[in-house]
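From first to last, the protein sequence lines stand for chains A and B. Numbered per numbering that gives the first Met the number 0, the first sequence spans residues 0 to 255. Numbered per numbering that gives the first Met the number 0, the second sequence spans residues 0 to 347.
Treat each hint with caution, since some may be false.
[To be verified] Which residues of chain B face chain A? A few of them, derived with a C-beta cut under 8 Å, are: (1) 22; (2) 25; (3) 26; (4) 29; (5) 187; (6) 201; (7) 205; (8) 206.
[To be verified] Anything over 10 Å on all C-beta distances counts as not near chain B; from chain A, calculated: (9) 16; (10) 18; (11) 92; (12) 98; (13) 101; (14) 122; (15) 188; (16) 223; (17) 228; (18) 235.
[Unchecked claim] Simulated DEER-style distance windows between Cβ atoms: (19) 140/B <-> 115/A: 42 to 50 Å; (20) 97/B <-> 31/A: 35 to 43 Å; (21) 137/A <-> 286/B: 29 to 37 Å; (22) 181/B <-> 227/A: 51 to 59 Å; (23) 128/A <-> 97/B: 41 to 49 Å; (24) 2/B <-> 67/A: 48 to 56 Å.
FYI, nobody ran anything at the bench for these hints, they're computed from the structure. The structure displayed is predicted, hence computed values, not measured ones. Ideal Cβ positions, reconstructed from N, Cα and C, are used throughout, including at glycine.
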Amino acid sequence: MTAPMLEIDNLTKRFGGLVALDHVTLDFEPDVLHAIIGPNGAGKTTLFNTISGMLKSDSGTVRFRGTDISGMAPHRISRLGMSRSLQIKSVFDSMTVAENLWIAAQARQGVMHPFASRSRFGRTAERVDEVLEQTGLSGLRSVPAGTLSYGDVALLEIGIALATGPSLLLLDEPICGMGPAETAATVEKIRHLAESVDIIVIEHDMPVVFDLADRITVMAQGGILARGAPDEIANNAAVREAYLGEEEDDEDDPDA
Amino acid sequence: MKARIDRTVLLAVVALLIVAPWILQAVEHEFWLDILAEVLIWSLFAASVNVLFGYAGLLSFGQALFFGMGMFGVAIGIAKLGLGFWPALGLGMAVAVGTAAITGALAVRLTWHYFAIITVVFSLIFYFIALSAKPLTGGDDGTSFVMPAMLEAGEFELSLTDQTVQYFFILAVVAAAYFVKFLIVRSPFGMALMAVRENDVRASLIGLNVYFLRWSAFVIAGAFAGLAGCLFAMFGRYASATYMFYHVSGEGVVWTIIGGAGTLFGPVVGTALLIVVREELSNMWEHYPILVGIVVILTVIFAPKGLMGFWNALLDRLSQRPADRAAGEAPPQEEDAAAAPVPREGRP
């Protein structure tokens with residue numbers, strides 16, 4: 000068995016009296032497409048927020064490819080090669096699609112040159128073209144991100160995360176807000192990306208998760224309920240009872 | 000086409016500024032040369048507001064603090080320490096930038112109205128310190144000084160006491176500062192600032208150090224305001240705590256918003272317009288600031304990108320081919336696209 004790329008040990012996060020993450024211990028091995036599922040409030044997004052440095056955990060450690068990243072600032076974690084998309088889509092609205100990707104690709108370099116013209120950074124421009132190609136946004140490169148359709152913003156969101164050149168991509172509900180055709184296309188793109196980048200995806204759409212993921216982690220009430228291959232999860236009695244048995248659409252997910 | 004019109008207009012304005020002393024002499028309005036110099040200095044001050052508000056998204060009502068620091072650095076350097084022209088300028092800049100580096104380290108921990116409030120608080124603190132430190136600053140009376148020569152070589156002496164020399168010195172410094180601002184805005188650093196302005200959470204997740212970027216913008220803005228203060232002290236041979244008051248900061252904000260925050264030359268346009276309005280109207284009508292207030296409100300509602308935003312949208316409509324502009328080459332200040340709907344192309 001290969002060494003895990005992401006090791007989460009005893010991670011706890013409380014919001015006042017609410018325990019959002021309750022001593023979570025998890026390993027993610029590389030070269031496998033992981034999905035995290037669970038009812039709303041299970042702690043999935045809190046887990047991503049804590050891993051990526053947006054929230055400080057109350058206790059526990061996170062190790063990314065052997066480096067302890069617990070308590071590290073988000074920008075430093077990002078420069079180590081972990082990139083993420085956000086559940087509530089947020090891009091740089093007044094900048095064009097290409098500029099959104101450009102700054103993400105350049106940010107990885109650390110220090111920002113204050114005087115040189117942006118056109119002098121050829122490698123960054125190449126990276127932007129690559130990502131435009133990968134996300135299928137080439138036709139929209141000069142369009143301000145704020146005027147994109149919701150589905151295209153979701154793609155740009157993935158593109159921004161990708162442009163930083165990550166080795167691990169955390170996707171938080173990447174197809175949220177997409178129509179059926181866009182969903183199918185995006186699932187294909189994610190599958191394709193997974194060949195070169197490690198991916199952990201949070202997703203509510205069960206058919207998509209079971210189609211896409213190699214390994215599924217089920218969270219409930221801040222803890223881990225079950226882990227395994229899709230067919231194992233589908234047949235797991237505890238999961239069926241706690242989660243799959245419920246009507247998926249009863250969550251207050253506006254676009255479910 | 001748009002870029003060409005912009006370049007033509009810019010060259011025309013620069014050419015006019017260069018020949019202004021002779022034109023004004025010919026029409027016997029030399030008095031306006033000093034007003035022009037004042038417009039240039041204050042538009043550099045407005046550039047300081049613009050770097051923070053227009054590009055980094057931080058609304059400061061405390062830029063007058065650094066303007067005042069530059070003023071006192073020059074005045075105290077010359078009057079109390081007996082420094083020459085250039086060392087005094089250096090002292091003014093060092094004091095302004097140093098103050099910005101220290102206050103900025105605290106201020107940029109906050110954003111939005113908290114940031115605006117702390118900048119006011121800082122400028123008030125230093126305002127009262129400057130008023131009470133009478134031996135150093137002259138208190139209410141301020142500090143005046145005799146202008147040392149800028150350049151002395153044997154018989155030859157170049158000094159700001161010559162109105163034309165003074166004008167050209169100010170023009171050269173302000174033009175150089177705007178060129179630096181242009182370089183910054185066009186650089187990766189400038190784009191990083193805009194990313195922070197647009198969405199700081201997203202910016203930190205792609206690896207940008209949001210705190211450091213905001214602090215850097217604060218120090219750069221402090222340097223611009225400080226440089227404007229140095230020039231203004233040399234222009235008036237005088238430094239006074241009055242210029243550290245947040246009224247002055249507020250004027251910089253008004254000029255920037257009317258001209259166009261987040262555009263390279265917006266602050267110049269706004270400053271020029273409002274100072275000319277002040278010169279022309281204040282004699283006739285003492286309540287002219289009411290008019291300024293109305294214009295600000297109308298601008299914020301109807302032209303959030305100010306006069307420059309209006310100009311950009313107009314040129315876009317005239318040229319009608321916004322999609323022609325290659326994305327990478329479009330200067331970031333041309334965020335006019337939000338005003339002019341861009342035709343969507345289908346993706347393959």
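Outcome of the hint check:
1. Restraint check, residue 22/B versus chain A: the minimum CB separation of about 34 Å is more than 8 Å; hint violated.
2. The beta carbon of residue 25/B comes no nearer than 40 Å to any beta carbon in chain A, farther than 8 Å, and the hint placing it at the interface is violated.
3. At its closest, the beta carbon of residue 26/B sits 40 Å from a beta carbon of chain A; the interface hint therefore is violated under the 8 Å criterion.
4. Because the closest C-beta pair between residue 29/B and chain A is about 38 Å apart, greater than 8 Å, the hint is violated.
5. Interface restraint check: residue 187/B against chain A, minimum CB-CB distance 5 Å, threshold 8 Å, status holds.
6. A hinted interface residue such as residue 201/B counts as satisfied when its beta carbon comes closer than 8 Å to some beta carbon of chain A; here the least separation is about 5 Å, so the hint holds.
7. For residue 205/B, the interface hint holds, the least distance from its beta-carbon to any beta-carbon of chain A being 4 Å, beneath 8 Å.
8. This hint holds: residue 206/B has a C-beta 4 Å from the nearest C-beta of chain A, less than the 8 Å allowed.
9. The Cβ of residue 16/A sits about 26 Å from the closest Cβ of chain B, beyond the 10 Å cut-off, so the non-interface label holds.
10. No Cβ of chain B approaches the Cβ of residue 18/A within 10 Å, the least distance being about 24 Å, so the stated non-interface status holds.
11. With a least CB separation of 6 Å from chain B, residue 92/A falls inside the 10 Å interface cut-off, contrary to its annotation.
12. Against chain B, the non-interface label of residue 98/A is violated: not every CB pair exceeds 10 Å, the least being about 7 Å.
13. Its beta-carbon lying about 7 Å from the closest one in chain B, residue 101/A breaks the requirement of being farther than 10 Å from that chain.
14. With 10 Å as the threshold on Cβ separation, the claim that residue 122/A sits away from chain B holds: the shortest Cβ distance comes to roughly 12 Å.
15. For residue 188/A, the non-interface assignment is confirmed: its Cβ lies about 12 Å from the closest Cβ of chain B, beyond the 10 Å cut-off.
16. At roughly 25 Å, the least C-beta separation between residue 223/A and chain B is larger than 10 Å, which holds for a residue marked as non-interface.
17. For residue 228/A, the shortest C-beta to C-beta distance to chain B comes to about 30 Å, beyond the 10 Å cut-off, and the non-interface label holds.
18. No Cβ of chain B approaches the Cβ of residue 235/A within 10 Å, the least distance being about 33 Å, so the stated non-interface status holds.
19. The hint said 42 to 50 Å for the Cβ distance between residue 140/B and residue 115/A, and at roughly 47 Å that hint holds.
20. The hinted window of 35 to 43 Å between residue 97/B and residue 31/A is violated, with their beta carbons roughly 54 Å apart.
21. Look at residue 137/A against residue 286/B: about 57 Å separates their beta carbons, and that is not inside 29 to 37 Å.
22. At about 58 Å, the beta-carbon gap between residue 181/B and residue 227/A stays in the expected band of 51 to 59 Å.
23. In this structure, residue 128/A and residue 97/B meet the distance hint of 41 to 49 Å, their C-beta atoms being roughly 44 Å apart.
24. At about 50 Å, the CB distance of residue 2/B to residue 67/A agrees with the hint of 48 to 56 Å.
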